Amino acid sequence: MTDMAQDVTGIIAKVAKREPSDISPDTRIAEDLGIKSVGRVEIAAHIEDQLGINLGNFEIRKPKTVGEVIALVESKG
Amino acid sequence: MDTLQTLKARARANKRTIVFPEGNEPVIRDAAMALARDGLARPVLIGEAPDGELAALGIKTVDPQTSESLETYIDAFAAQRGMPAGAAKRIIAPPLGFAAAMVAAGDADGMVAGLSHPTEEVLMIAEMVIGLTEGVTAPSSFFLMEIPGYAGGEGGALVFADPAVNPDPDVEALAALAVVTAKSASDLFGWEPRVALLSFSTKGSADHSHVAKVVDATARAQAIAPNIAIDGELQVDAALVDAVARRKMDDPGKVAGRANILIFPDLDAANIGSKLVQRLCGAASHGPVLQGFAKPVSDLSRGATVEDVVGASLMVAARDGA
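So the sequence lines, in the order shown, correspond to chains V and L.
Per my numbering, the first sequence runs over residues 1 to 77.
Per my numbering, the second sequence runs over residues 1 to 322.
Quick caveat, the hints were computed from the structure, so don't treat them as lab data.
All figures in this text were calculated on a predicted structure; none of them were measured in a lab.
Here a beta-carbon is modelled for each residue, glycine too, at the ideal position from N, C-alpha and C.
Watch out, some of these pointers could steer you wrong.
Stated by the list, open to error - Within a straight-line C-alpha distance of at most 30 Å, the following computed BS3-like cross-link-like pairs (lysine-lysine) qualify:
no.: 1; chain 1: L; residue 1: K295; chain 2: L; residue 2: K203
no.: 2; chain 1: L; residue 1: K213; chain 2: V; residue 2: K64
no.: 3; chain 1: V; residue 1: K62; chain 2: V; residue 2: K36
no.: 4; chain 1: V; residue 1: K36; chain 2: L; residue 2: K60
no.: 5; chain 1: L; residue 1: K295; chain 2: V; residue 2: K17
no.: 6; chain 1: V; residue 1: K64; chain 2: V; residue 2: K14
no.: 7; chain 1: L; residue 1: K213; chain 2: V; residue 2: K36
no.: 8; chain 1: L; residue 1: K8; chain 2: L; residue 2: K183
no.: 9; chain 1: L; residue 1: K15; chain 2: V; residue 2: K14
no.: 10; chain 1: V; residue 1: K76; chain 2: V; residue 2: K17
no.: 11; chain 1: V; residue 1: K17; chain 2: V; residue 2: K62
no.: 12; chain 1: V; residue 1: K17; chain 2: V; residue 2: K36
no.: 13; chain 1: V; residue 1: K76; chain 2: V; residue 2: K64
no.: 14; chain 1: L; residue 1: K248; chain 2: L; residue 2: K295
no.: 15; chain 1: L; residue 1: K60; chain 2: L; residue 2: K15
no.: 16; chain 1: L; residue 1: K275; chain 2: L; residue 2: K254
no.: 17; chain 1: L; residue 1: K295; chain 2: V; residue 2: K36
no.: 18; chain 1: L; residue 1: K248; chain 2: L; residue 2: K275
To be verified - Listing some non-contacts, in silico: residues in chain V with all C-beta distances to chain L over 10 Å:
no.: 19; residue: D7
no.: 20; residue: P20
no.: 21; residue: D32
no.: 22; residue: G34
no.: 23; residue: V41
no.: 24; residue: E42
no.: 25; residue: D49
no.: 26; residue: G67
no.: 27; residue: L72
no.: 28; residue: E74
no.: 29; residue: K76
As the list claims (entries may be wrong) - Examples of chain V residues lying across from chain L (beta carbon under 8 Å, computed):
no.: 30; residue: T2
no.: 31; residue: S24
no.: 32; residue: L33
no.: 33; residue: S37
no.: 34; residue: A45
no.: 35; residue: E59
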């Protein structure tokens with residue numbers, strides 16, 4: 001896993017109040033972690049603050065899995 | 001007094017401070033001037049400094065980037081969500097987040113937004129920054145339907161919920177919808193709520209999982225709000241027509257046959273039902289009015305006119321307990 005993938009996994013784990021070790025790229029954002037749309041906005045805010053990558057409030061709504069969030073962030077990094 | 005006049009009278013008495021995050025939009029500026037001129041609210045615009053006409057009406061404008069309150073709002077939100085100030089700033093510094101933070105801090109009584117923000121973004125930011133009413137798990141909406149020639153409901157008007165936000169509420173969400181809509185009708189229109197949870201079954205006339213959801217939601221709503229008249233499951237004719245209610249039920253109680261608030265089992269039914277009444281009966285539908293937030297929030301469509309903005313603002317300005 002890349003450093004950026006680890007950082008994104010850590011951010012998602014924090015918002016979901018889980019351990020990063022409980023989360024894999026296949027983990028589903030809504031079904032497995034119970035993250036609603038407001039949680040996604042929080043994820044985007046943490047990503048911008050921590051990694052300096054700006055995701056729109058609507059861009060962050062699209063990914064279904066942790067792996068898809070990582071791919072989105074890496075595509076902008 | 002018709003509904004609009006009732007809302008205006010309540011708004012004038014309340015004198016609420018309403019914040020508009022899209023304060024640079026000409027439609028918002030014109031609506032703010034109309035509200036201030038008629039004494040319906042104290043508008044605050046997020047945007048550039050006011051021109052002479054706005055200032056003459058006492059309308060304030062706030063630029064988040066130069067506001068002394070920005071850091072306070074960011075710190076409060078960061079502490080509440082347990083996030084770094086940098087992440088909180090991303091949410092609070094833009095006009096929509098700043099306006100919501102003003103409401104959360106009590107510097108404004110409610111917010112009207114949506115002219116240049118999608119409804120879903122207004123809902124997300126309002127839920128995150130302003131929060132939800134206790135016991136509510138998701139924001140919802142209702143239409144006020146004014147039906148020409150109809151003598152029932154509340155002077156010919158009915159409230160329909162939820163036609164716009166939650167596609168498939170579960171038992172808890174449906175129960176909360178019934179209770180929060182009753183409170184909205186009471187706070188906004190001064191109604192004594194008579195709430196019917198609708199189904200294709202009346203008191204066990206059909207057996208299906210869809211019916212069971214409404215039965216369970218009715219029991220839950222009655223437990224949450226024992227002082228509000230709530231009944232279900234009822235077919236819509238049993239909810240609205242006294243003769244039908246008496247034919248289908250031994251004891252129609254306070255709601256059946258004379259409901260003024262209709263809680264539909266899902267968004268399909270509420271949306272279709274609202275539009276049928278609007279199109280086939282020539283009803284005026286006001287809304288969708290958002291509800292369930294800790295403080296009042298109104299959404300605007302992208303094509304809202306000055307009159308639409310004033311109407312949405314009245315739904316904030318007229319509410320009791322803002």
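Each hint tested on the structure:
| no. | hint | result |
| --- | --- | --- |
| 1 | L:K295 to L:K203 | 36 Å, violated |
| 2 | L:K213 to V:K64 | 28 Å, holds |
| 3 | V:K62 to V:K36 | 12 Å, holds |
| 4 | V:K36 to L:K60 | 35 Å, violated |
| 5 | L:K295 to V:K17 | 27 Å, holds |
| 6 | V:K64 to V:K14 | 17 Å, holds |
| 7 | L:K213 to V:K36 | 23 Å, holds |
| 8 | L:K8 to L:K183 | 19 Å, holds |
| 9 | L:K15 to V:K14 | 42 Å, violated |
| 10 | V:K76 to V:K17 | 26 Å, holds |
| 11 | V:K17 to V:K62 | 21 Å, holds |
| 12 | V:K17 to V:K36 | 13 Å, holds |
| 13 | V:K76 to V:K64 | 18 Å, holds |
| 14 | L:K248 to L:K295 | 40 Å, violated |
| 15 | L:K60 to L:K15 | 15 Å, holds |
| 16 | L:K275 to L:K254 | 27 Å, holds |
| 17 | L:K295 to V:K36 | 21 Å, holds |
| 18 | L:K248 to L:K275 | 27 Å, holds |
| 19 | D7 | 13 Å, holds |
| 20 | P20 | 17 Å, holds |
| 21 | D32 | 19 Å, holds |
| 22 | G34 | 12 Å, holds |
| 23 | V41 | 6 Å, violated |
| 24 | E42 | 7 Å, violated |
| 25 | D49 | 4 Å, violated |
| 26 | G67 | 22 Å, holds |
| 27 | L72 | 16 Å, holds |
| 28 | E74 | 20 Å, holds |
| 29 | K76 | 15 Å, holds |
| 30 | T2 | 21 Å, violated |
| 31 | S24 | 24 Å, violated |
| 32 | L33 | 17 Å, violated |
| 33 | S37 | 5 Å, holds |
| 34 | A45 | 4 Å, holds |
| 35 | E59 | 12 Å, violated |
In the structure shown, a violation is registered for the earlier hints numbered 1, 4, 9, 14, 23, 24, 25, 30, 31, 32 and 35, in ascending order.
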